[in-house]
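Two independent chains are provided; combine them into the complex using the hints.
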Amino acid sequence: MLASRNVRLAAGPRVAAAPGQRALLDARLGRRAMVAAKAQKKEIMMWEALREAIDEEMERDPTVCVMGEDVGHYGGSYKCTFGLYKKYGDMRVLDTPICENGFMGMGVGAAMTGLRPIVEGMNMGFLLLAFNQISNNCGMLHYTSGGQFKVPMVIRGPGGVGRQLGAEHSQRLESYFQSIPGVQLVACSTVRNSKALLKAAIRSDNPIIFFEHVLLYNVKGEVGDKDEVACLERAEVVREGTDVSIFTYSRMRYVVMQAVNDLVKKGYNPEVIDLISLKPFDMETISKSVRKTRKAIIVEECMKTGGIGASLSAVINESLFNELDHEVIRLSSQDVPTAYAYELEAATIVQSSQVVDAVERVCGARVPATV
Amino acid sequence: MQTMLQQRSGFRAAQPGRQVMKVRAVAAPLKTATSAPSKAPLVSPEVAKDLYYDMVLGREFEEMCAQMYYRGKMFGFVHLYSGQEAVSTGVIRLLRQDDHVVSTYRDHVHALSKGVSAREVMAELFGKKTGCCRGQGGSMHMFSAKHNVLGGYAFIGEGIPVGLGAAFQSKYRRDVLGEETSDSVTCSFFGDGTCNVGQFYESLNMAALYKLPHIFVVENNLWAIGMSHLRATSRTSGDDHPFIYKKGPAFGMPGVLVDGMDVLKVRQVAQEAVERARRGEGPTLIEAETYRFRGHSLADPDELRSKEEKARYQARDPIPQLKKYMLEHGLATEAEIKALEDKVAEVVEDSVKFADESPKPERGQLLENVFADPRGFGISEDGRYRYQQPGFSSGTAVVS
Chain A
81 MLASRNVRLA
91 AGPRVAAAPG
101 QRALLDARLG
111 RRAMVAAKAQ
121 KKEIMMWEAL
131 REAIDEEMER
141 DPTVCVMGED
151 VGHYGGSYKC
161 TFGLYKKYGD
171 MRVLDTPICE
181 NGFMGMGVGA
191 AMTGLRPIVE
201 GMNMGFLLLA
211 FNQISNNCGM
221 LHYTSGGQFK
231 VPMVIRGPGG
241 VGRQLGAEHS
251 QRLESYFQSI
261 PGVQLVACST
271 VRNSKALLKA
281 AIRSDNPIIF
291 FEHVLLYNVK
301 GEVGDKDEVA
311 CLERAEVVRE
321 GTDVSIFTYS
331 RMRYVVMQAV
341 NDLVKKGYNP
351 EVIDLISLKP
361 FDMETISKSV
371 RKTRKAIIVE
381 ECMKTGGIGA
391 SLSAVINESL
401 FNELDHEVIR
411 LSSQDVPTAY
421 AYELEAATIV
431 QSSQVVDAVE
441 RVCGARVPAT
451 V
Chain B
-5 MQTMLQQRSG
5 FRAAQPGRQV
15 MKVRAVAAPL
25 KTATSAPSKA
35 PLVSPEVAKD
45 LYYDMVLGRE
55 FEEMCAQMYY
65 RGKMFGFVHL
75 YSGQEAVSTG
85 VIRLLRQDDH
95 VVSTYRDHVH
105 ALSKGVSARE
115 VMAELFGKKT
125 GCCRGQGGSM
135 HMFSAKHNVL
145 GGYAFIGEGI
155 PVGLGAAFQS
165 KYRRDVLGEE
175 TSDSVTCSFF
185 GDGTCNVGQF
195 YESLNMAALY
205 KLPHIFVVEN
215 NLWAIGMSHL
225 RATSRTSGDD
235 HPFIYKKGPA
245 FGMPGVLVDG
255 MDVLKVRQVA
265 QEAVERARRG
275 EGPTLIEAET
285 YRFRGHSLAD
295 PDELRSKEEK
305 ARYQARDPIP
315 QLKKYMLEHG
325 LATEAEIKAL
335 EDKVAEVVED
345 SVKFADESPK
355 PERGQLLENV
365 FADPRGFGIS
375 EDGRYRYQQP
385 GFSSGTAVVS
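Line order of the protein sequences matches chains A and B. Here the numbering used here runs 80 ahead of the position in the first sequence, where the first position is 1. Just so we're aligned: 334 in the numbering used here is position 340 of the second sequence, and the numbers increase by one with no gaps anywhere.
Same shape as in the complex, but just chain B (with noise of 0.2 Å):
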């Protein structure tokens, strides 16, 4: 494959020991300051714009949903995306539509960036049938095929090896099947907790040995629900504090720690490892520095984070940070960021006034989707294969 590759772009194929990756710290761990604001803007109004509607939208959805769980409108764990936002937006909004995203079990904003409606998101979280999955996935679980949002996976560092397949699957489409534009990537997010997980290891190796157009991108906030980072992972080499990013190299792909709440900054980022991926030189690991402003999920007490270290973040917020660079920078006015504020609270309220009015899944639903093909079910007494049976339409019939 290496061969195939060296000929059709031109590049030299990884070879252990010859190649030395460079580590490139675009900021540096504890590092608050946002872009000069002297320079030029990093990005036009329209990208600002949607950066910034993006980021509320994330924020506003995830505070709505836990007042509809409070209010016994959702149920089950519900992980909370809040204070993160600058990461699923400043990579997201960069990706094309055929660009394939993997998330975990705190999704809901990964799966908005990309586009699903949160109509879409809020019904699969009431469990209605008009949600994305049908009421069948619930919090952890967002997909959208059309979006190509491959999943919200709730085992620790599942999720990865899956993108990994997506980005296998974009290089297969161009070196074997010979379809050309196939540049796709897929960028696959996860914590720092997952940092210590097996599959995490074996997709670094792999995408890196397969050269894959494949995106690691670390949402590093500290925490694993109780467990501290700095408790979890042992010191990098020659470090007082367990970088990430560092892995990268170990494995032979570039490394790159970037201030998780700014947003521009991990557009920046992501842009250069999106064009690489492209260009068909293989995977990028990014380790985003952020925080997330609620416990682990609506069912944590939140007792082990200091109020000092939350303050410290929330003085970060990714969003009034946006706001702030773009009124200096002639981005918008504050009449254009409040319009967007309104337009997002209208799509929240319009999503949990959707979710609501919308019907509950029909039991006909329950055996549906078990197998793509439902001879699955197999062969029944009578002859006639299971869902070929009174009884399965509606759900009714045992299955065994």
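This is chain A alone, in the form it adopts within the complex (with noise of 0.2 Å):
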């Protein structure tokens, strides 16, 4: 847990590791101009639009509270409950020793006796130390105690693959995580719907891991009106087309958009389905898509055994088999620990040119569109 600490004053503002110390830069810098510049649009930060939800929905609940390693004082390592702590006090805001089992726990026994706490990973991986607590109690205690305890908390935190941050700091938890009965896994990927979702796993009865990505959070977009709250359940399509179905979730809707770029150019026109919700899978939504195109190319930074496009394939092979013209098509992470080195980090997560290769094998050549 020192090393993330390490690496992230290391890494300085080349990864997406201080937000905070950017946002005083902005305002150092001239936050007029910047207003002046967006005065139409008010444009923030995922890390702003997660705190700001936080921030709702501790004011809308008093029983809402936030646990977690430099959650308080610190801000959150990457600002999500910045200087929420002088709103809502150190208990609200409780930063906690590092001892993820312990705290993780801890906000189970909270959330079995009525609070209902967001509890952060500093990063997601931290959370394999939280793996008793997040299996055996937040996920299975409502059913081994007949339903007379239920266990609203929301996990969340940054995960997958950042920028050069070293195997531990790179693991996708979703894959370990999707087997545990009990347990929602949401993932998000704008700052819209990472408001409008968390807003929504807080909100939920259920426990829910709320997977956020290290290197969006400096990813800006506008959010919603205050009250929007999302279906955790409901995947978002992100481009309808007709081609071929491209499944996929977290910052690898951003690569594979950028693909689509060039195959909309080439002549293709895919249709891009956000998952958001990656376990359940929305069925209505993948399925519809799939009766549609016939063909399904899924993309993930997940590992490619045992992981989210895993499921979601043997479901499509088994569900909707004969509504399929071709193979579904698995764009994965190598199963390799992530390397430091950036080459070798590049060659282990997929990358757009690998989209477009799976879209134009799986679709046939096209003739260009008109240039």
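Everything labelled a hint here was simulated from the structure, so no lab data went into it. It cannot be assumed that every hint is accurate.
Not everything, but these chain A residues come out facing chain B in the computed CB check (under 10 Å) [unchecked claim]:
| id | residue |
| --- | --- |
| 1 | Thr143 |
| 2 | Cys145 |
| 3 | Tyr168 |
| 4 | Pro177 |
| 5 | Gly189 |
| 6 | Gln213 |
| 7 | Asn286 |
| 8 | Cys311 |
| 9 | Glu313 |
| 10 | Ser357 |
| 11 | Ile366 |
| 12 | Ala390 |
| 13 | Ser391 |
Part of the chain B face toward chain A, derived, beta carbon under 8 Å [as the list claims (entries may be wrong)]:
| id | residue |
| --- | --- |
| 14 | Arg128 |
| 15 | Gly131 |
| 16 | Ala139 |
| 17 | Leu158 |
| 18 | Ala160 |
| 19 | Gln163 |
| 20 | Val170 |
| 21 | Gly192 |
| 22 | Glu196 |
| 23 | Ala366 |
| 24 | Phe371 |
| 25 | Gly372 |
| 26 | Ile373 |
| 27 | Gly377 |
| 28 | Ala391 |
| 29 | Ser394 |
Per label pair, the in silico range of CB-to-CB distance [said to hold, decoys possible]:
| id | chain 1 | residue 1 | chain 2 | residue 2 | range |
| --- | --- | --- | --- | --- | --- |
| 30 | A | Ala427 | B | Glu297 | 52 to 60 Å |
| 31 | A | Asp415 | B | Arg90 | 53 to 61 Å |
| 32 | B | Gly385 | A | Glu139 | 35 to 43 Å |
| 33 | B | Thr175 | A | Tyr420 | 52 to 60 Å |
| 34 | A | Arg319 | B | Arg378 | 23 to 31 Å |
Positions of the beta carbon are idealized from the N, C-alpha and C atoms, including for glycine.
Put into structure tokens, the structure is as follows:
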């Protein structure tokens, strides 16, 4: 855990690690000019949207509280709780010692007895240390207690492959968590959906594991109305198309959209679905899309073996086999620990050119659209 | 938070290096003497009878479980509490209904002491729908929301942080939500084996750090299945014995060693810890030296514990000890004690009858209680939530 702090400091603003610092810098370099330029639309970064969601929900419901390493005085490793301890006090924004299993279990007990804790994993990878609590207690005790106790908590934090953070800080926990019964997995991807989904997760009576991505905290965009609360079980149709369905989530959505730019120029019309709900899958949206395009490509940052794509592929093959004109393609990370070196790291995760190649392979060559 | 606490209660917040905690040994580890008969009784006749009833209930219930297990009425791992009753009774009978209890896989008797009916516990063991967890928990997972039994936790140490969470909630209600009367406490029970697990230490630290109304109750029965406490745990500094209670002061809370075969001593120590917690002065670590009269579970051949050791502890059986004390202090007559024992026999018999006659869970129960909000099962191809589909309430739907 100490390692993460070192990484964060060493990496500085190169990675999305220090949005708070950036915000301060922005303020110094002329916030007024920025505001003037954006007089029409108020764009904020994802970390700010997540912070707004937490703030608004804490304001709305006094049983909502935050627990985790450096969530209070430090403001959260990615600033998602920046300054909230000043507004709500140390107990509602509780800085915990470094003991993931311990404070996760404390969150479970608090949730069982009437609070709604949001427990932050400073890095999602660290939550491997809390696997006992997440699996046995978060996931299962509503059932084992015969429905007597519910566990309305949100487990959130930064996951995914960042930029040269090394193997331990670049893990995709969704593959580990997906088989735990009784939990829902949600991955946000845009400023707007991050806020609306987090609000929904906080309000849900189920334990929600909420995946943010280290490289998306500084993505900019608009948020919806203050009352906008998303459906946790719904996928998002990012782009309608007819040639092939590309299923993706989290940061890979951007990699896919980059590929789509090229593909459109080449005359392809792919459909892009952001899964959002990694467990359970939104089978309505998925099946509608597959029935329409009859081809499915899954693009994920997860490991290929036992990953989200593996599960989705199995479900599509099981339930939509007769709708398919081509075998399901999975573009996943290589089954290797994520290397530090930039080139090796890039070779581990899916690049947009691979998406382009896969679409071309599945759909066949096209005559380019009129240039 | 410490500032808030200072303002509210007037107690000085813990400051590292400034407060010296006093270690008090209420009883030496091998001291077997009961409370001196010459003194005035430590409890009223009503309390004594309550304690006696609860201990006998715990013992008879567990012995009945053994019979039922061998008769094939219950399966799986069944861990019996016989011999340790003074701990459960001594601590839990002091608690209020709104206080929380966290237990382990050896949890039947904790549930009984907290007020869960023998019927509900036995039915759970029989895997019946009338069980306290509808047959979904089993021997190692007894829960009761009504009695604030937060559950039996079968992995070593995983229940303690949950107990902290309940204690945190109690403090939160008072300090954040302004519920001034919120002074409930939480007692987490666990064994000597748990004292080498990380979550125990993580919890000691957080409980002291946040001054949570949480009581750590170590039921040191000397054996973690086949691993002797003396072989598993390093000796505390300057001692020739691994004392668990001494780990309390290391974390800034009182540590107390008590004769866990003497219910009145346990009660005395627990009373102090509970009052301290209610006053907002934080956690206590109690090490109760006790012994299980049976193997680790009913599947344990129990070959490693010596006959001498077993006999030594059998001689300290907490139930006859209390009976003797009650008679000597005029807290009950022989006839009254017999009546309590008869009542227990009746209740235990009735629990078996009830469990036996209770219906099995219906298939429809299968998919209930996985999610508190059934939308967690997701949206199916036809656009409806899965829980709205036929086959869901009958438990025949396949949910993936």
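Each hint tested on the structure:
1. With a least beta-carbon distance of about 8 Å to chain B, the hint placing Thr143 of chain A at the interface is held under the 10 Å criterion.
2. Because the beta carbon of Cys145 of chain A sits about 7 Å from the nearest beta carbon in chain B, less than 10 Å, this interface hint is met.
3. Given the 10 Å rule on beta carbons, the hint for Tyr168 of chain A holds: about 8 Å separates it from the nearest Cβ of chain B.
4. Annotation: Pro177 of chain A was flagged as interfacial toward chain B, and the flag holds, the nearest CB pair being 6 Å apart, inside 10 Å.
5. Interface hint status for Gly189 of chain A: upheld, as the beta-carbon distance to the closest one in chain B is roughly 2 Å, under 10 Å.
6. The closest approach between the C-beta of Gln213 of chain A and any C-beta of chain B is roughly 7 Å, which is under the 10 Å cut-off, so the hint is satisfied.
7. Taking 10 Å as the C-beta contact cut-off toward chain B, the hint placing Asn286 of chain A at the interface holds, the least distance being around 5 Å.
8. Hint on Cys311 of chain A holds. Least Cβ distance to chain B is approximately 8 Å, under the 10 Å limit.
9. At about 5 Å, the closest approach between the beta carbon of Glu313 of chain A and any beta carbon in chain B falls short of 10 Å, and the interface hint on this residue holds.
10. Satisfaction of the interface hint for Ser357 of chain A is found here, the shortest Cβ-Cβ separation to chain B being roughly 7 Å, below the 10 Å cut-off.
11. Because the smallest distance between the Cβ of Ile366 of chain A and any Cβ of chain B comes to about 8 Å, under 10 Å, the interface hint for this residue holds.
12. The interface hint given for Ala390 of chain A is broken, as the beta carbon of that residue sits about 13 Å from the closest beta carbon of chain B, more than 10 Å.
13. Interface hint at Ser391 of chain A: satisfied, since its Cβ lies 8 Å from the closest Cβ of chain B, which is below the 10 Å cut-off.
14. Of the supplied interface hints, the one on Arg128 of chain B holds, with its beta-carbon coming within about 4 Å of a beta-carbon of chain A, less than 8 Å.
15. Because the smallest distance between the Cβ of Gly131 of chain B and any Cβ of chain A comes to about 4 Å, under 8 Å, the interface hint for this residue holds.
16. For Ala139 of chain B, the interface hint holds, since its Cβ comes within 8 Å of a Cβ in chain A; the closest pair sits about 4 Å apart.
17. With its C-beta approaching chain A no nearer than about 5 Å, Leu158 of chain B sits inside the 8 Å limit, and its interface hint holds.
18. Contact between Ala160 of chain B and chain A, as hinted, is supported at the beta carbon level, the nearest pair being about 5 Å apart and thus within 8 Å.
19. Because the closest C-beta pair between Gln163 of chain B and chain A is about 4 Å apart, less than 8 Å, the hint holds.
20. With 8 Å as the threshold, the beta carbon of Val170 of chain B comes within range of chain A, its nearest partner Cβ sitting at about 5 Å, so the hint holds.
21. Because the beta carbon of Gly192 of chain B sits about 7 Å from the nearest beta carbon in chain A, less than 8 Å, this interface hint is met.
22. About 3 Å separates the beta-carbon of Glu196 of chain B from the nearest beta-carbon of chain A, less than 8 Å, and the hint is met.
23. Below 8 Å, beta-carbon pairs count as interface contacts, and Ala366 of chain B has one with chain A at about 4 Å; its hint therefore holds.
24. Of the supplied interface hints, the one on Phe371 of chain B holds, with its beta-carbon coming within about 6 Å of a beta-carbon of chain A, less than 8 Å.
25. At about 3 Å, the closest approach between the beta carbon of Gly372 of chain B and any beta carbon in chain A falls short of 8 Å, and the interface hint on this residue holds.
26. A distance limit of 8 Å between C-beta atoms decides the matter here; for Ile373 of chain B the minimum to chain A is near 5 Å, and the interface restraint holds.
27. Interface hint at Gly377 of chain B: satisfied, since its Cβ lies 4 Å from the closest Cβ of chain A, which is below the 8 Å cut-off.
28. Hint on Ala391 of chain B is violated. Least Cβ distance to chain A is approximately 13 Å, over the 8 Å limit.
29. At about 6 Å, the closest approach between the beta carbon of Ser394 of chain B and any beta carbon in chain A falls short of 8 Å, and the interface hint on this residue holds.
30. At about 56 Å, the CB distance of Ala427 of chain A to Glu297 of chain B agrees with the hint of 52 to 60 Å.
31. As the Cβ distance of Asp415 of chain A to Arg90 of chain B is approximately 54 Å, the hint placing it in 53 to 61 Å holds.
32. Taking 35 to 43 Å as the suggested C-beta distance range, the pair Gly385 of chain B and Glu139 of chain A conforms, at roughly 42 Å.
33. The beta-carbon spacing between Thr175 of chain B and Tyr420 of chain A, approximately 56 Å, falls within the hinted interval of 52 to 60 Å.
34. Distance hint for Arg319 of chain A and Arg378 of chain B: a CB-CB separation of about 26 Å, consistent with the stated range 23 to 31 Å.
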